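Participant: All chains, full assembly: derive it from the sequences and hints.
Following my numbering, the numbering of the sequence shown begins with 1 at its first residue and continues without gaps.
Note that these hints are calculated values from the structure, not bench results. Keep in mind that a hint or two might mislead.
[As the list claims (entries may be wrong)] Quick list of the computed label-pair ranges, beta carbon to beta carbon: (1) T42 <-> R68: 29 to 39 Å; (2) A57 <-> V22: 43 to 53 Å; (3) A11 <-> G43: 41 to 51 Å; (4) A77 <-> A26: 32 to 42 Å; (5) Q8 <-> L39: 38 to 48 Å; (6) A40 <-> P73: 41 to 51 Å; (7) L41 <-> A11: 38 to 48 Å; (8) R69 <-> E6: 19 to 29 Å; (9) C63 <-> L39: 22 to 32 Å.
Note that the coordinates shown come from a computational prediction; the quantities given were computed from them, not determined experimentally. Glycine included, every Cβ here is placed at the ideal spot set by N, Cα and C.
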Amino acid sequence: MAMSVEGQAGAYLALWTVIQLVSRGAGIAAGGILRDAALALTGSFASTYGIVFWLEAIGALACVWLLRRADVPGFAAKRSRVPAVEPVGVASD
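Facilitator: Structural data, given as structure tokens:
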């Protein structure tokens, strides 16, 4: 929540929950399809689960590699409020 704009933490939390649920469902479906395909190719449960494990490990390492440069404290420190904008057509004196 340190990266959220003040007053919008609830919206970001709801969005995070939806994305997490959709991703979890897609991951479970993809894992099942991958397991069934590997089992059809190898015919061995041990080989199948080994293949799935190594692909998951490669995916986890890819995520770590992609996130290695994320600077959450730096992002939070540079965060600033967006100045209020006057509605169009309103004249100021």
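Participant: For each hint, tell me whether it holds in the structure or not.
Facilitator: Hints, one by one, checked against the model:
1. T42 <-> R68: 29 to 39 Å: Since T42 and R68 have Cβ atoms about 34 Å apart, the given range 29 to 39 Å holds.
2. A57 <-> V22: 43 to 53 Å: 23 Å, violated
3. A11 <-> G43: 41 to 51 Å: 49 Å, holds
4. A77 <-> A26: 32 to 42 Å: 34 Å, holds
5. Q8 <-> L39: 38 to 48 Å: 45 Å, holds
6. A40 <-> P73: 41 to 51 Å: 48 Å, holds
7. L41 <-> A11: 38 to 48 Å: 44 Å, holds
8. R69 <-> E6: 19 to 29 Å: 25 Å, holds
9. C63 <-> L39: 22 to 32 Å: This hint holds: roughly 26 Å between Cβ atoms.
Checked against the numbered hints listed earlier, the structure breaks hint 2 alone; every other hint is satisfied.
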